[in-house]
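One-letter residues, chain by chain:
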Amino acid sequence: MAFIGLLTLVLIALPHGLSYSQREILVVLTINILVVSSYRLLTLTGEWSLGHVVMMGVGAYASALYSKEWGVPVPISMIIGALTAGLVAWGLSFPLFRMKGFYFLIGSFAAGEIIRLLWKRFRDPFGGPKGIKRIDPFPDIDLGFIRIDFFDPVNYYYFTLIIVVLCLVILWRIEKSLIGLTFHAVHWQDKLAESAGVNVRDYRTLALVISSTFAGLAGTLLAHYIGTVNPNGFDIEQMVFVLTWAIVGGTTTLYGPIIGCITLTALNEIVLRELGLEQGRPLIYGLILIVSVLFMPKGLEDVVKRGVAWAQLQIVKERTNGV
Amino acid sequence: MESKILKVNDLGKQFGGIKAVNGLSFVVKEGHIHGLIGPNGAGKTTTFNLISGFYKPSQGSVRLFDEEISGLGMYRVARKGVIRTFQHSTLFAEMSVLENVLVGTHMMFKPNFLAALIGNERAIRDQAIKRSREVLEFFGLESFTSNLAGELSHGHQRTLGMAVAMASNPKILLLDEPFTGMNPEETQSMMGLMAKLRDSGMTLLLVEHDMTAIMGLCDRITVMNFGKLLTEGKPLEIRNHPDVIEAYLGTRNHAT
Ligand SMILES: Nc1ncnc2c1ncn2[C@@H]1O[C@H](COP(=O)(O)OP(=O)(O)OP(=O)(O)O)[C@@H](O)[C@H]1O
Ligand SMILES: [Mg+2]
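Top line first, the protein sequences correspond to chains H and Y. Following my numbering, the residues of the first sequence are numbered contiguously, the last one being 323. Following my numbering, the residues of the second sequence are numbered contiguously, the last one being 579.
Chain H on its own, in the form it takes in the complex (with noise of 0.2 Å):
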């Protein structure tokens, strides 16, 4: 309780101590942290996508579309956007779910390729390979006394934590409920689960529902507050650095991408900003996955758990000695 405590203050107070460029930054690390969390929601299932960022492009270019062209209110658009890459997710779930393990990686990469290109293809309605432009942003919120400017990173920071939190909070009870449950079986033994009756493929499917519908969300964030969408940001390239998190950090807990998708995050701007090294941040990236694969196997969870452990077992010998 008193952790929770203190995580809240920290979190309100943390973007009063940064820079302008750190405030933004801080945005799409929120965000991120939503991507990485929902990609974990399918990996409970065994599967792992190269797709899911592209799904949560889906997000941005839908919830841009409905806003700019059809004129839908942003906070509808965005809800609409993130509910239509789930739609979409559903739809690619046949052609994907006739495949598993490694087969399932590669398809979903290919259907990745396929909708980028159809973005890339169509300048109408999908604007070409530069994409979108001049989305609406998100609307002032006038509350009489105080007037909410979502374009001042601060205010939509809050914004988007408030969501995210949201999100974590659903994810978490759609993983601790039977539901969760039988994802883990899926994932563990789908033989077993279906004689008892589990319609594994279902499941397969929801899992890649609700985890696309949550990128999706995650898209329409960024895309309201960067104001432009266009193909090469939701590219392998990104894909791999939501892999690299959910590696680094571990996928066995609701933390482990969070902090894995934090530390990277930390290091590529404190340390390879600071160096000039931004320009090889994918080699960096791969250089840090094979590493953590190596050495590290459990990810930062794991440490995390450990060190747990230990500061418990400091309390109970300091108190064994006081008595």
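No lab work stands behind these hints: they were computed from the structure. No incorrect hints appear here.
Taking lysine-lysine and the PhoX-like style, the derived pairs with C-alpha atoms no more than 25 Å apart in a straight line are:
#: 1; chain 1: Y; residue 1: 453; chain 2: Y; residue 2: 519
#: 2; chain 1: Y; residue 1: 453; chain 2: H; residue 2: 176
#: 3; chain 1: H; residue 1: 191; chain 2: Y; residue 2: 342
#: 4; chain 1: H; residue 1: 100; chain 2: Y; residue 2: 379
#: 5; chain 1: Y; residue 1: 551; chain 2: Y; residue 2: 379
#: 6; chain 1: H; residue 1: 191; chain 2: Y; residue 2: 379
#: 7; chain 1: Y; residue 1: 327; chain 2: Y; residue 2: 494
Following the hints, put chain Y with the ligands in place on chain H, whose structure we already have.
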């Protein structure tokens, strides 16, 4: 009472050139423990895989009461009430014993997405846990509830496999060599539990090499060899049947 719950008729499965099951027919009566025996490679597990929908048969039919179930697919057959266990301990090794059995209750207590979303599945979850604990208690596994399934001894893993299957409250339970890896005491107590299940009205189809268990438990025994029916009868008839003795001693193998 003695109605025919499962009718296997002219069942066949071919793998490439091998006819693993070849024109097999037999009938299981409700409330019986029915044995399915035969030498290694006779086709017993394949028969289970055909009944449970894991394979599509190349010929023949499987009927539950009067409903055709062959070729339905595993989870659909399971939903009809035909539940099988696996010859090689197949469990959710990384999950707790209780969670394993909870998955077994999947059909009785269907997870509800909306309830999960708003964090409101307490009622259904409590019922599922209650059912799971009862099943674990029946099989004497209640002291291992929070252990990981993978940590259990081989015999306990077999028992847990049965508990997962039983948790779904099946009409007929197909057990593939449930006694392997059990010591004599465990075998004895497991036999007691199976007799108890039968007395409560459950039907069991039992594949087993342990002859003491088979002879002690079965109401009727089907013997197969090379994918075909060799003979069928009461335990005493089977024990003294010359063809069965021959099949097990392997003289016929040399003759052909
Ligand atoms: N998937 C498969 N592909 C090819 N051949 C198979 C397959 N499954 C089983 N067989 C073959 O079918 C035959 C019957 O095998 P099955 O596993 O049904 O025997 P079994 O009676 O269960 O034997 P055991 O007592 O050793 O368990 C064997 O010759 C086996 O090699
Ligand atoms: Mg077998």
